[in-house]
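**Q** So the chains spell out like this:
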Amino acid sequence: MEQSEEIIRVEHLSKSFGTTDVIQDISFSVYKGEVLGIIGPSGSGKSTILRCVTQLESVTGGSITICGKTLVKDGVYAERNIQHEIALSVGLVFQNFNLFPHYSVLRNITDAQIHVLGRSREEAEHTAMQLLTRVGLSAKAGNYPCELSGGQQQRVSIARALALKPQVLLFDEPTSALDPELTGEILAVIRDLAEENMTMVVVTHEMAFARDTSNHIIFMDEGVIVEEGDPQEVINSPRQARTKAFLLRFNA
Amino acid sequence: MLQGSVTSLEVFFLTLLFAVPLALPVTAGRMSGNRILSTVTKLFMLVIRGTPLMLQLLVVYFGPSLLCIWINDRFGTNFRPAWPRFVAANAALIINYSAYFAEIYRGGIESIPQGQYEAAKVLGYTRNQTFFCIILPQVVKRIIPAMGNEVITLVKDTALVQVIGVSELLRVAQETQSRLFSFMPLLVAGVFYFVMNWAVEAAFVRIEKKLSYYK
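Chains as they are written, first to last, in this note's numbering: chain A, 1 to 252; chain B, 1 to 215.
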């Protein structure tokens, strides 16, 4: 793929909790329309990267640039308003959906549009209904999250994130909290988004999905990037012993 | 006795009216990251919840007078605190109940999953929007049973204000009983408290039902 606009640039990112280094010296870039897959064992720091990019964790060191705007440079953060501005261009889909239980499906998707972006109610509802139709849930607009299956809730949360028109959408193990039967519907939605050239970063344990949907794959272990490259190569013929050992468990 | 029950009702509603909102800043103080503020609040809550309400009523009512006498003695001033019984009674109950409510609020706030804050942050909500639109409504639902308990106790605690001479229902009933040599006034008072709490219970059931549209 030709090198188009750089959406995320992470340089020498590190994060420690106390004396524990969770990620160390991580660097990567995500370009417009690209899908980056991040795989690796639990506790390898995959989610921490997403949490640093979405400002849910503050970094210990390194730099993050989103759409040309510097969020943090060598561990020093930009001003509050710039942080907020950058936050709006990044969407995150959580493992546990984190829908607002007291809001209807529709309101979950419209509320931030109205109260954060200042869109009119009509516009917000129009956008929400379009997105709900897209994820196949327009009939559930009036329902509450507790009335939906896990897969449906996750689709609503994807719609909620998309409603703010982020430049990039991050997925933190979006199918890990779901029954195996329900993962398919979520993966299908992400695949559709990839086909529409949505820029995405997907942390996942679904190896086949990561291989088929991503343009680039990073394999992490113990806070560092062990191997990265073309998805087919990394997953089908890994070079590093650690990657081989990890993937063996999935192909077994 | 009618006047007595009106006084009891007044104490009840005034306490509720002020203690419910006043407990919110107390909760904020208790949960504050500021060590001094949270320690002071913790101490306040410890004292209020650790001493009898009856004692607190006495302190709130007589405290200012005793303090003024001490000051007047020392400095030759002539302060005369005008602190009506009824006001003192309400003040003591409001202080007492705001400490209890604050602890209930804190439990409710801490029971909201971290993911709710994170989702709100990622969607760009401000801290105030997050608290008042996302967190607080969920807290309200969760604390309803505990609040119901506390409000029922409040109905009965209004009887304590008689220690500082407020003529609430039970005191009037006792006086009437000794005047008439009849058990009837006490029975009537008992029925009144019971019916009152019946209404409180019914109100809470209604609120709970109204909020049951989500889990």
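Keep in mind that the hints were calculated from the coordinates and are not lab data. Model, not experiment: these values are computed from the prediction. Worth double-checking, as some hints may not be accurate.
Now the in silico label distances, taken between C-beta atoms and shown as ranges [as the list claims (entries may be wrong)]:
#1 Glu123(A) <-> Lys42(B): 44 to 50 Å
#2 Phe62(B) <-> Glu85(A): 56 to 62 Å
#3 Tyr214(B) <-> Gly184(A): 54 to 60 Å
#4 Glu110(B) <-> Arg242(A): 49 to 55 Å
#5 Pro84(B) <-> Met129(A): 37 to 43 Å
#6 Ile82(A) <-> Trp198(B): 53 to 59 Å
Straight-line Cα separation of at most 25 Å, DSS-like style, residue types lysine-lysine; simulated pairs [as the list claims (entries may be wrong)]:
#7 Lys165(A) <-> Lys121(B)
#8 Lys69(A) <-> Lys121(B)
#9 Lys209(B) <-> Lys121(B)
#10 Lys121(B) <-> Lys141(B)
#11 Lys32(A) <-> Lys73(A)
#12 Lys140(A) <-> Lys141(B)
#13 Lys32(A) <-> Lys141(B)
#14 Lys121(B) <-> Lys73(A)
#15 Lys140(A) <-> Lys69(A)
#16 Lys210(B) <-> Lys140(A)
#17 Lys165(A) <-> Lys140(A)
#18 Lys209(B) <-> Lys140(A)
#19 Lys32(A) <-> Lys69(A)
#20 Lys42(B) <-> Lys140(A)
#21 Lys32(A) <-> Lys165(A)
Just some of the chain A residues that point at chain B, by a computed CB distance under 10 Å [said to hold, decoys possible]:
#22 Thr54
#23 Tyr77
#24 Leu88
#25 Asn96
#26 Phe100
#27 Ser104
#28 Val116
#29 Ser120
#30 Arg134
#31 Ser138
#32 Ala141
#33 Tyr144
#34 Ser149
#35 Gly150
#36 Phe250
A virtual CB, placed ideally from N, CA and C, is assigned to each residue, including glycine.
**Q** A separate judgement is required for each hint: does it hold in the structure or not?
**A** Verification of the supplied hints:
Distance hint for Glu123(A) and Lys42(B): a CB-CB separation of about 47 Å, consistent with the stated range 44 to 50 Å. One distance hint, 56 to 62 Å for the beta-carbon pair Phe62(B) and Glu85(A), holds here, with the actual separation near 59 Å. Between Tyr214(B) and Gly184(A) the beta carbon distance is about 27 Å. The supplied range of 54 to 60 Å is therefore violated. The supplied range of 49 to 55 Å is broken by Glu110(B) and Arg242(A), whose beta-carbon atoms lie about 40 Å from each other.
Distance hint check: the CB atoms of Pro84(B) and Met129(A) are about 60 Å apart, inconsistent with the given range 37 to 43 Å. Checking the proposed 53 to 59 Å range against Ile82(A) and Trp198(B) shows it holds: the Cβ atoms sit about 58 Å from each other. As the CA atoms of Lys165(A) and Lys121(B) are separated by approximately 16 Å, the hinted pair is consistent with the 25 Å bound. Distance check on the hinted pair: Lys69(A) and Lys121(B) sit about 19 Å apart at the alpha-carbon level, within 25 Å; holds.
Distance check on the hinted pair: Lys209(B) and Lys121(B) sit about 30 Å apart at the alpha-carbon level, beyond 25 Å; violated. For a cut-off of 25 Å, the pair hint linking Lys121(B) to Lys141(B) stands: about 22 Å separates their Cα positions. Proposed proximity of Lys32(A) and Lys73(A) is supported: the alpha carbons are some 22 Å apart, at most 25 Å. Taken as a hint, the Lys140(A) and Lys141(B) pair is honoured in the structure, with Cα atoms around 23 Å apart against an allowance of 25 Å.
About 43 Å separates the Cα atoms of Lys32(A) and Lys141(B), which puts this hinted pair outside 25 Å; it is violated. Between Lys121(B) and Lys73(A) the alpha-carbon distance is near 21 Å, which keeps this suggested pair within the 25 Å criterion. Under the criterion of a C-alpha separation no larger than 25 Å, the hint pairing Lys140(A) with Lys69(A) is inconsistent with the structure, at around 38 Å. As the CA atoms of Lys210(B) and Lys140(A) are separated by approximately 21 Å, the hinted pair is consistent with the 25 Å bound.
Proximity of Lys165(A) to Lys140(A) is assessed by CA-CA distance (about 22 Å); at most 25 Å being required, the pair is judged to hold. Under the criterion of a C-alpha separation no larger than 25 Å, the hint pairing Lys209(B) with Lys140(A) is consistent with the structure, at around 22 Å. The suggested pairing of Lys32(A) with Lys69(A) holds, with an alpha-carbon distance near 15 Å, which does not exceed 25 Å. Between the alpha carbons of Lys42(B) and Lys140(A) the distance comes to roughly 46 Å, so the proposed pair goes past 25 Å and is violated.
Between Lys32(A) and Lys165(A) the alpha-carbon distance is near 14 Å, which keeps this suggested pair within the 25 Å criterion. The closest approach between the C-beta of Thr54(A) and any C-beta of chain B is roughly 5 Å, which is under the 10 Å cut-off, so the hint is satisfied. A least Cβ separation of about 15 Å between Tyr77(A) and chain B goes past the 10 Å threshold, and the interface hint is therefore violated. The restraint placing Leu88(A) at the interface with chain B holds, with a minimum CB-CB distance near 5 Å, inside the 10 Å limit.
For Asn96(A), the suggested interface contact is upheld, since its CB lies about 6 Å from the closest CB of chain B, less than 10 Å. Hint status for Phe100(A): holds, given a least beta-carbon distance of 6 Å to chain B, under 10 Å. At its closest, the beta carbon of Ser104(A) sits 9 Å from a beta carbon of chain B; the interface hint therefore holds under the 10 Å criterion. Look at Val116(A): its Cβ gets to within about 4 Å of chain B, closer than 10 Å, so that hint holds up.
With its C-beta approaching chain B no nearer than about 17 Å, Ser120(A) sits outside the 10 Å limit, and its interface hint is violated. Look at Arg134(A): its Cβ only gets to about 19 Å from chain B, farther than 10 Å, so that hint breaks. At about 20 Å, the closest approach between the beta carbon of Ser138(A) and any beta carbon in chain B exceeds 10 Å, and the interface hint on this residue is violated. A least Cβ separation of about 15 Å between Ala141(A) and chain B goes past the 10 Å threshold, and the interface hint is therefore violated.
Checking Tyr144(A) against chain B by beta carbon gives a least distance of about 5 Å; that is within 10 Å, so the hint holds. Look at Ser149(A): its Cβ only gets to about 14 Å from chain B, farther than 10 Å, so that hint breaks. A distance limit of 10 Å between C-beta atoms decides the matter here; for Gly150(A) the minimum to chain B is near 14 Å, and the interface restraint is violated. A hinted interface residue such as Phe250(A) counts as satisfied when its beta carbon comes closer than 10 Å to some beta carbon of chain B; here the least separation is about 27 Å, so the hint is violated.
This entry does not satisfy hints 3, 4, 5, 9, 13, 15, 20, 23, 29, 30, 31, 32, 34, 35 and 36, going by the numbered hints stated previously.
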